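> Spelled out from the first residue to the last, the chains are:
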Amino acid sequence: MTGFTFAEKVLAQHAGVSEAHVGDVLDVEADVMFSHDNTAAIRKIFQQLGAPGILHPERVVFTLDHAVPAPSTEHAKNHAEIREWVKQQHVEHFFEVGRGICHQVISEEALVLPGQTIFGSDSHTTHFGWLGAFGMGVGRTEMAALWATGQLWIRVPEAMQITLNGKLQPGVTAKDIMLEILGKLTVNGSDYRSIEFTGDTLASLSIDERPVIPNMMAEFGAMNAYFPPDQVVFDYLAERGAKDYTPIYPDADAVYQERHAFDVSQLEPKVALPNQPDNVVALGEAVGQPIQQAFIGTCTGGRYSDLAAAAAVLKGHKVKIRCVIIPASQQVLLQAMKSGVLTDLIEAGATITTPGCGPCMGNHMGVPAPNEATISSGSRNFKGRMGTADAPIYLSNPYVVAASALAGAIANPQEFMS
Amino acid sequence: MKVWVYGDNVNTDLIFPGKYTYTLKTEADIAAHALEDLDPTFAKAVHPGDVIVAGRNWGCGSSREQGVTSLKWSGVGVIIAESFGGLYFRNCINQGVRPIVLSGLTELLKTGDQIEIDGDTVLVGDQRFIAPKLPPSVQAILSAGGLEPMLQRRFQASTTI
Ligand code: SF4
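Protein chains in written order, with this note's numbering: chain A, 6 to 423; chain B, 22 to 182.
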């Protein structure tokens, strides 16, 4: 007898079977299903199916976040259609323009809990591994099927274990761990497996940093990702009124197809060069690269700790290039306002805009001109990602992004911090 | 049924080259480039009803759906492999292409040989292999030709009762 991985356990439980093994195909019950600005497109597919209506509207979440407030008539019509659908289907968990990015909002609202399943029509749904939930991105037809039936069939995935040990140095963040993993194991490293983390680093990461790694497991090609939930997570949820759940932990003798270990105690800041997130070099190798725009935001790098990190670098200086800062949610914005971080950012000359995805996928609010380089705290630097084909994107942690805003070139934050 | 036999770890780039994913749109055009970098003879010589027989980890790599649809639109309705890439398996079912997990066939067969598939039985010469059963709900998706047609049928049936 061997033990079970997190994926095997959570999927067995949600399929109502006593045991699940790699390769088994199961009908899995969804605790939460969410979509964003693509909700209207999913509605069109849903209407082809002939289903009477959304089967479990109470498990459904819609957020408007990808292009908010609407930058064009077309976007506005799309939002209007979604609002109409919300009313028709009695969807209570609907979050309007400005509330924030789906992954962040759903976490803040404690709508998904440890040991639950969450499906999103967004590839970064792996994000919810930070809470010890099973988060998986699905296609639009699959989301329509989920609305209609509340279930999705899943082949129980193979699993990979990644052990992170050691404590990060100051100025080094979870983003650097993630870039290190991608640099070493590449964007094809996961092959649609369940990536289950362990090791003493996890407990030392702040609430804001934890989601970065499961979130960017999408870049690694994971089906889902998993952090074992601890007291920090339980407290976060308790503050938000959620108590009723049962966390799931993998067995000590679970079978992992592959295991990797990283000691992060000596890790230094990293930069992903264009056009792939695994094109990773040490910060020193990228320093000096001219940059025209700095962007701090997204579901990966727009939480309070990211804004605070930027403020720590920017305080008392003036940005040399445009610096767009987009809090991941209204709560992040509010926290930054109350703590004074927002004042530091604005006094340094940064631009603050509506919580949401902003220019992350090239919709608006910071689309670069051809040949303009952007450095971003986000997750993707594919060619054309920010809306302009020949505009290279560099990815790094928020300290480096802020330092680059001051220098007009990729820079080491140490230069600006006392 | 004529088989096309391939080895281990054939990724979706080899099944359908990434450079075409945004340029080719019609079913015929997509089918015309199936397996182009692995076996340039395939697209020209494949016939409706032909079967792919492969080794381990067929369809690993990117999630692109054309990895499945390029074969489907070439007329391939069944793919037998020792194992499948996870997302590829998912795409097969949702597109109505039957994935059969079976070991031991690549050693017995070469491209151009014939096999018979009758329900769950796969006949290679006088050797019988039994395809593992899929759960009824997944079988229903396959039988309907994919996820969308399956749900259409299900809800049509429920409204006409
Ligand atoms: S911030 Fe970017 S990566 Fe995150 S959900 Fe929005 S578009 Fe996707």
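A couple of the hints might just be wrong.
[As the list claims (entries may be wrong)] Dumping the calculated DSS-like pairs for lysine-lysine here, alpha-carbon to alpha-carbon at most 27 Å:
hint: 1; chain 1: B; residue 1: K131; chain 2: B; residue 2: K154
hint: 2; chain 1: B; residue 1: K65; chain 2: B; residue 2: K154
hint: 3; chain 1: A; residue 1: K49; chain 2: B; residue 2: K46
hint: 4; chain 1: A; residue 1: K388; chain 2: A; residue 2: K14
hint: 5; chain 1: B; residue 1: K23; chain 2: B; residue 2: K131
hint: 6; chain 1: A; residue 1: K92; chain 2: A; residue 2: K82
hint: 7; chain 1: B; residue 1: K40; chain 2: B; residue 2: K154
hint: 8; chain 1: A; residue 1: K189; chain 2: B; residue 2: K131
hint: 9; chain 1: A; residue 1: K14; chain 2: B; residue 2: K154
hint: 10; chain 1: A; residue 1: K388; chain 2: A; residue 2: K325
hint: 11; chain 1: B; residue 1: K23; chain 2: A; residue 2: K388
hint: 12; chain 1: A; residue 1: K82; chain 2: A; residue 2: K49
hint: 13; chain 1: A; residue 1: K388; chain 2: A; residue 2: K189
hint: 14; chain 1: A; residue 1: K49; chain 2: A; residue 2: K92
hint: 15; chain 1: A; residue 1: K388; chain 2: B; residue 2: K65
To be clear, the hints were calculated from the coordinates, so they are not data collected in a lab.
Being a predicted model, the structure only gives us computed values, none of them experimental.
> Compare the structure with each hint and give your call.
Right, here's what the structure says about each hint:
Simply put, B:K131 and B:K154 have alpha-carbon atoms about 26 Å apart, close enough for the 27 Å limit, and the pair holds. Straight-line distance between C-alpha atoms of B:K65 and B:K154 comes to about 33 Å, which puts the hinted pair past the 27 Å bound. At most 27 Å may separate the alpha-carbon atoms for a hinted pair to count; A:K49 and B:K46 meet this at roughly 21 Å. Under the criterion of a C-alpha separation no larger than 27 Å, the hint pairing A:K388 with A:K14 is inconsistent with the structure, at around 38 Å.
Using a Cα cut-off of 27 Å, the hinted pair B:K23 and B:K131 holds, with the two alpha carbons roughly 10 Å apart. Proximity of A:K92 to A:K82 is assessed by CA-CA distance (about 16 Å); at most 27 Å being required, the pair is judged to hold. For a cut-off of 27 Å, the pair hint linking B:K40 to B:K154 is broken: about 36 Å separates their Cα positions. Between A:K189 and B:K131 the CA atoms are separated by roughly 38 Å; this puts the pair beyond 27 Å, and the hint is violated.
Among the hinted pairs, A:K14 with B:K154 is consistent with the structure: their alpha-carbon atoms are about 22 Å apart, no more than 27 Å. Distance hint between A:K388 and A:K325 is fulfilled; the C-alpha atoms sit about 25 Å from each other, no more than 27 Å. For the hint linking B:K23 to A:K388, the alpha-carbon distance of about 41 Å lies beyond 27 Å, and the restraint is violated. Distance check on the hinted pair: A:K82 and A:K49 sit about 14 Å apart at the alpha-carbon level, within 27 Å; holds.
As the CA atoms of A:K388 and A:K189 are separated by approximately 21 Å, the hinted pair is consistent with the 27 Å bound. Pair hint A:K49 plus A:K92 holds up; C-alpha atoms about 16 Å apart against a cutoff of 27 Å. Only pairs whose Cα atoms come within 27 Å are accepted, and A:K388 paired with B:K65 is rejected, the gap being roughly 33 Å.
Checked against the numbered hints given earlier, this structure breaks hints 2, 4, 7, 8, 11 and 15; the rest are met.
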